[in-house]
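Turn these sequences into a full structure, and let the hints guide you.
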Amino acid sequence: DTEVTQTPKHLVMGMTNKKSLKCEQHMGHRAMYWYKQKAKKPPELMFVYSYEKLSINESVPSRFSPECPNSSLLNLHLHALQPEDSALYLCASSQGPWRGGQPQHFGDGTRLSIL
Amino acid sequence: GQQVMQIPQYQHVQEGEDFTTYCNSSTTLSNIQWYKQRPGGHPVFLIQLVKSGEVKKQKRLTFQFGEAKKNSSLHITATQTTDVGTYFCAGPGQAGTALIFGKGTTLSVSS
Chain H
1403 DTEVTQTPKH
1413 LVMGMTNKKS
1423 LKCEQHMGHR
1433 AMYWYKQKAK
1443 KPPELMFVYS
1453 YEKLSINESV
1463 PSRFSPECPN
1473 SSLLNLHLHA
1483 LQPEDSALYL
1493 CASSQGPWRG
1503 GQPQHFGDGT
1513 RLSIL
Chain B
294 GQQVMQIPQY
304 QHVQEGEDFT
314 TYCNSSTTLS
324 NIQWYKQRPG
334 GHPVFLIQLV
344 KSGEVKKQKR
354 LTFQFGEAKK
364 NSSLHITATQ
374 TTDVGTYFCA
384 GPGQAGTALI
394 FGKGTTLSVS
404 S
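From first to last, the protein sequence lines stand for chains H and B. Residue numbers for the first sequence follow this note's numbering, beginning at 1403 and rising by one. Residue numbers for the second sequence follow this note's numbering, beginning at 294 and rising by one.
Please note that a few of the clues may not be correct.
[To be verified] Capping the alpha-carbon separation at 20 Å, the derived lysine to any residue pairs in SDA-like fashion look like this:
no.	chain 1	residue 1	chain 2	residue 2
1	H	Lys-1442	B	Gly-334
2	B	Lys-344	H	Arg-1501
3	H	Lys-1442	B	Gly-333
4	B	Lys-350	H	Pro-1505
5	H	Lys-1443	B	Tyr-315
6	B	Lys-396	H	Asn-1472
7	H	Lys-1443	B	Ile-300
[Claimed, not checked] If the Cβ cut is set under 7 Å, some of the chain B residues that face chain H in the computed set are:
no.	residue
8	Pro-336
9	Leu-392
10	Lys-396
11	Gly-397
[What the hints assert, rightly or not] Here are some chain B residues the structure puts well away from chain H; computed CB gaps all over 12 Å:
no.	residue
12	Gln-299
13	Gln-304
14	Asp-311
15	Asn-324
16	Gly-346
17	Val-348
18	Lys-350
19	Gln-351
20	Arg-353
21	Leu-354
22	Thr-370
23	Ala-371
24	Asp-376
25	Val-377
26	Ala-383
27	Ser-403
It is worth saying that the hints were derived from the structure and are not from the lab. Treat the numbers as computed from the prediction; the structure is a model and nothing was measured. Note that beta-carbon positions come from the ideal geometry of N, C-alpha and C, so glycine has one too.
So, in structure tokens, the structure goes:
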């Protein structure tokens, strides 16, 4: 059982839709991450939150908008996505600060398809 | 820029054979981590190595961190079908980024 919970597990949306991905952890971890993963590729970092503040934005297009309402929750708001945005979106958390490369616990991910 | 390279990209073995994947960084790492991702699954943290020359074992898996802290290896003895998946190494990024993942080695095992 994963300790990082992501919803929904699957999402199909049109290019004009607005949707949100949700991530929750109750391990008391202080850093949370969003990754995008294409088939047969490694996870690609998108955003990092540390103590509920955005620490890293890896030049992600503005159609992806992260939000961290509290230390346990992380959202990714999606708007006007493109077909190339279809991928597995992974949330992760780490106990310590993101600097220095802390071991990360991943959720099951959301498989996103853009029509 | 900083790179973490892994070889081989793919490896197929017969059940019972050994398997090794190698990871090389373009820079010295403070630590290196290994993750396993089963087909259709998510990355699962396996281990973190911190010390130069460190060797750690988890049952049939042996992890090594090089003396110069720029390379690492994962060796699986007597593979089983449950070992199938992609193994990623990852190290801390420089210049304000978090983890840098290698491209992964995908292991398939036939019985």
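These are the hints, each one checked on the structure:
1. Of the supplied pair hints, the one linking H/Lys-1442 and B/Gly-334 holds, its CA atoms being roughly 12 Å apart against a limit of 20 Å.
2. Distance hint between B/Lys-344 and H/Arg-1501 is fulfilled; the C-alpha atoms sit about 18 Å from each other, no more than 20 Å.
3. Restraint check: the Cα-Cα separation between H/Lys-1442 and B/Gly-333 comes to about 11 Å, which is no more than 20 Å; the hinted pair holds.
4. The hinted pair formed by B/Lys-350 and H/Pro-1505 meets the criterion: a straight-line CA distance of about 18 Å does not exceed 20 Å.
5. Between H/Lys-1443 and B/Tyr-315 the alpha-carbon distance is near 17 Å, which keeps this suggested pair within the 20 Å criterion.
6. With a CA separation close to 33 Å, the supplied pair B/Lys-396 and H/Asn-1472 exceeds the 20 Å bound.
7. Distance hint between H/Lys-1443 and B/Ile-300 is fulfilled; the C-alpha atoms sit about 14 Å from each other, no more than 20 Å.
8. Taking 7 Å as the C-beta cut-off, the interface hint given for B/Pro-336 holds, the closest approach to chain H being about 5 Å.
9. Contact between B/Leu-392 and chain H, as hinted, is supported at the beta carbon level, the nearest pair being about 5 Å apart and thus within 7 Å.
10. Of the supplied interface hints, the one on B/Lys-396 holds, with its beta-carbon coming within about 6 Å of a beta-carbon of chain H, less than 7 Å.
11. Evaluation of the B/Gly-397 hint against chain H yields a held restraint, the C-beta minimum of about 6 Å falling below 7 Å.
12. With a least CB separation of 9 Å from chain H, B/Gln-299 falls inside the 12 Å interface cut-off, contrary to its annotation.
13. B/Gln-304, annotated as away from the interface, keeps every beta carbon of chain H farther than 12 Å; the closest lies near 14 Å.
14. Every CB of chain H lies more than 12 Å from the CB of B/Asp-311, the least distance being 24 Å, so the non-interface label holds.
15. Look at B/Asn-324: its CB is around 6 Å from the nearest CB on chain H, not clear of 12 Å, so calling it non-interface is violated.
16. No beta-carbon of chain H is positioned within 12 Å of the beta-carbon of B/Gly-346; the least distance is around 19 Å.
17. Under the 12 Å C-beta cut-off, the non-interface status given to B/Val-348 relative to chain H holds; the minimum distance is some 18 Å.
18. For B/Lys-350, the requirement that its beta carbon stay farther than 12 Å from each beta carbon of chain H is met, with the minimum near 18 Å.
19. Distance check on B/Gln-351: its Cβ is at least 14 Å (rounded) from any Cβ of chain H, clearing the 12 Å threshold; non-interface status holds.
20. At roughly 21 Å, the least C-beta separation between B/Arg-353 and chain H is larger than 12 Å, which holds for a residue marked as non-interface.
21. Look at B/Leu-354: its CB is around 16 Å from the nearest CB on chain H, clear of 12 Å, so calling it non-interface holds up.
22. Consistency note on B/Thr-370: stated as away from chain H, and its beta-carbon is indeed over 12 Å from all of that chain's, at 24 Å minimum.
23. Every beta carbon of chain H lies more than 12 Å from that of B/Ala-371, the smallest distance being close to 26 Å; the non-interface claim holds.
24. Once the 12 Å rule is applied to beta carbons, B/Asp-376 is consistent with being away from chain H; the minimum gap is 18 Å.
25. Listed as a non-interface residue, B/Val-377 keeps its Cβ farther than 12 Å from every Cβ of chain H; the least gap is roughly 14 Å.
26. Not every CB of chain H lies more than 12 Å from the CB of B/Ala-383, the least distance being 7 Å, so the non-interface label is violated.
27. With a least CB separation of 20 Å from chain H, B/Ser-403 remains clear of the 12 Å interface cut-off, as annotated.
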